[in-house]
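The chain contents come next:
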Amino acid sequence: MTDAYNVQYLFVAVFLGVAIVFPLAPLVIARLLAPRRPTPVKTDVYECGVEAKGDAWVQFRVGYYVYALVYVIFAVEAVFLYPWAVAFTGLSVGAVIAMLIFVLLLVEGLAYAWMKGALDWK
Amino acid sequence: MNVHDILFWVFSIAMLVCGVMVIAHRNPVNSAMSLVLLFAFMAGLFVLLEAFFLATIQVLVYAGAVMVLFLFVIMLLDIRASVLKRLRWLGLVGALLVSGLLVWEIQQVLRQPAVESAVEAKGLALGLSDVVKPLFTQYMLPVQLTALLLLAAMVGVVLLSKRDLQ
Amino acid sequence: MNELLIHLLKIAGVIGVMLGIVAYTVLAERWVCAWMQDRIGPNRVGPFGILQPLADGLKFIFKEDVLPRHVRHKFYFTVAPMITMVPALITVAVVPWGSYLPVLGHNIKGVIADLDVGILFIFAIASLGVYGIVLAGWSSNSKYPFLGGIRSSAQMISYEVCLGLSVVPVFMQAGTLNLWNVVLYQAEHTWLVWCQPLSFVIFMVSAFAETNRTPFDLPEAEQELVGGYHTEYSSMKFAMFFLGEYANMFVASALMATLFFGGWSLPVAPLNAPATTLAVGLAHVGVFLAKTLFFLFVFIWVRWTLPRFRYDQLMTLGWKVFVPLTIVNILVSSVVLAVMENG
Chain A
2 MTDAYNVQYL FVAVFLGVAI VFPLAPLVIA RLLAPRRPTP VKTDVYECGV
52 EAKGDAWVQF RVGYYVYALV YVIFAVEAVF LYPWAVAFTG LSVGAVIAML
102 IFVLLLVEGL AYAWMKGALD WK
Chain B
-10 MNVHDILFWV FSIAMLVCGV MVIAHRNPVN SAMSLVLLFA FMAGLFVLLE
40 AFFLATIQVL VYAGAVMVLF LFVIMLLDIR ASVLKRLRWL GLVGALLVSG
90 LLVWEIQQVL RQPAVESAVE AKGLALGLSD VVKPLFTQYM LPVQLTALLL
140 LAAMVGVVLL SKRDLQ
Chain C
40 MNELLIHLLK IAGVIGVMLG IVAYTVLAER WVCAWMQDRI GPNRVGPFGI
90 LQPLADGLKF IFKEDVLPRH VRHKFYFTVA PMITMVPALI TVAVVPWGSY
140 LPVLGHNIKG VIADLDVGIL FIFAIASLGV YGIVLAGWSS NSKYPFLGGI
190 RSSAQMISYE VCLGLSVVPV FMQAGTLNLW NVVLYQAEHT WLVWCQPLSF
240 VIFMVSAFAE TNRTPFDLPE AEQELVGGYH TEYSSMKFAM FFLGEYANMF
290 VASALMATLF FGGWSLPVAP LNAPATTLAV GLAHVGVFLA KTLFFLFVFI
340 WVRWTLPRFR YDQLMTLGWK VFVPLTIVNI LVSSVVLAVM ENG
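Residue numbers (my numbering), protein chains in the order written: chain A, 2 to 123; chain B, -10 to 155; chain C, 40 to 382.
Careful: at least some of the hints might be erroneous.
[Said to hold, decoys possible] What follows is a list of derived Cβ distance ranges for each label pair: (1) C:Leu90 <-> A:Lys117: 50 to 60 Å; (2) A:Leu105 <-> C:Leu345: 29 to 39 Å; (3) C:Lys359 <-> B:Arg100: 49 to 59 Å.
[Claimed, not checked] In the EDC-like style, the derived pairs of lysine to aspartate or glutamate whose C-alpha atoms are separated by at most 20 Å in a straight line are: (4) B:Lys151 <-> A:Glu109; (5) A:Lys43 <-> C:Asp104; (6) B:Lys151 <-> C:Asp351; (7) C:Lys148 <-> C:Asp256.
Don't read these hints as lab results, they were simulated from the structure. Everything numeric in this text was worked out from a predicted model, so none of it was measured. C-beta atoms are modelled at their ideal positions from N, C-alpha and C, and glycine is treated no differently.
Please take these sequences and the hints and turn them into a complete structure.
If you want it as structure tokens, here you go:
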């Protein structure tokens, strides 16, 4: 049983190899066959015809990272919700109610963020 | 030395190399991507231990979520190699202290009588349901505490973002 | 040894069929679009234009690959298109393409890697795809791609939350994360779309956002952003982003078929149980592919029907409509299932 199961991950590894070779091969072939004649205009930055000023790496709307933070919290929540879903059919009523409290705590966090306007796109 | 052992050494050495790259690179994006690779190899180690659930979670939470957040912060705040400060004495002392503690800890672990083989620990990891059942019976209280912790994290996020946006 | 050969053949088959479908979905997109706009569509290369993907591929190979001189991290610039493609290919490994194929005394299971963590594996690998977009936008060192990359990655992580939470009730009911067993559950009981319609709707809409398809194709909003994270890309590298989008569509379609529409099963006599003969086994694969192709068609259909959302509407829909709805769905489902089980 365990051996058979380990083998499943071997297949994943083989698949990973194949999945990397497939995008890589056309890139390599194209690199060998495609012509390359760069000119200053061709390799210029794309900016609707007006000349670019400065580089693109500037401090930028910080609001985006709030979503990334909330995403991390939800990812951790999901880690608990999925095992719960699997174990669900065999759980006692007490365990189910306890997990409902768990979910409600998550709701509370979401509601708080909503009330404070952290989810508003401004 | 069988395939299992070879893979263990490959993953471990790869992890160490990635770990060194995380702190050696001057460019924060390089460091962050090295850390992603490190987490991937760590997941490989978990697979060798037959802790499949843990391996998946490792990729899902650390490589997939936490590191995306890191990248966001690096890019949005435009952190460059140039703004990295010079080594400070306090930092050096702190680093040495933590490293020393870590070495001592590892030594303590190594002193323990060796577990015969990983097979003993495997019993837990056989099926997914075997791993998750205790989570909702025996360890329900820690799970609930985690929920509280996550709630606190959410409140923290909101407060921090409020301060930043204003 | 024989076993190993069979598995390698299986892997080759799955990859081959998938890439074939991906290539022809690009053509189908143009056909369907032409049909909906009362045009003729591609019909020059081969009969009815069926060799068009080949012509496109050759064109991409022989086109000049422009490397803009402001790109300072060439490594990330080159690797980014691959990162969007690879996760889509890997996730197919746990999707069940059929039940069994009894060939020459071997009973071949219709899935490459039969993992217990099934859907979590898919979400874990799929969550890595966002790096391709972030790195493409960042390494281009150009303003439009940078803006597009950040926007698009914020969109992807937001809808990953919806995607992840929306399917929890499905697994609550099936009691397993293993996709093969989820299909088996549906073959024995009923398709889960009838039990969890809300789950399905949220999953489908989130899948559209996750694959950057209209009405959520803001990352490549041509009219507003002149393209997004891939503005500075050309030739094969651009093709990789393009194919990555279709490969992701394929995975999303296959997942919809698997999780909600019974995967390889149909609710009629020989098709509702794991196959014991080769004919039924092949029929199962056919049923799975037919369902997947149908959802691919829906992707295309929607693209040529609906206009694009605005970015604030997109974020509001995700965080203020879908996330609360999924949580309510989880709560209600858990109470109903618990009552049904204990009462």
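These are the hints, each one checked on the structure:
1. C:Leu90 <-> A:Lys117: 50 to 60 Å: holds, 57 Å
2. A:Leu105 <-> C:Leu345: 29 to 39 Å: holds, 35 Å
3. C:Lys359 <-> B:Arg100: 49 to 59 Å: holds, 55 Å
4. B:Lys151 <-> A:Glu109: Distance of about 18 Å is within 20 Å: holds.
5. A:Lys43 <-> C:Asp104: holds, 11 Å
6. B:Lys151 <-> C:Asp351: Given that 20 Å is the threshold and the Cα spacing comes to 18 Å, the pair holds.
7. C:Lys148 <-> C:Asp256: violated, 37 Å
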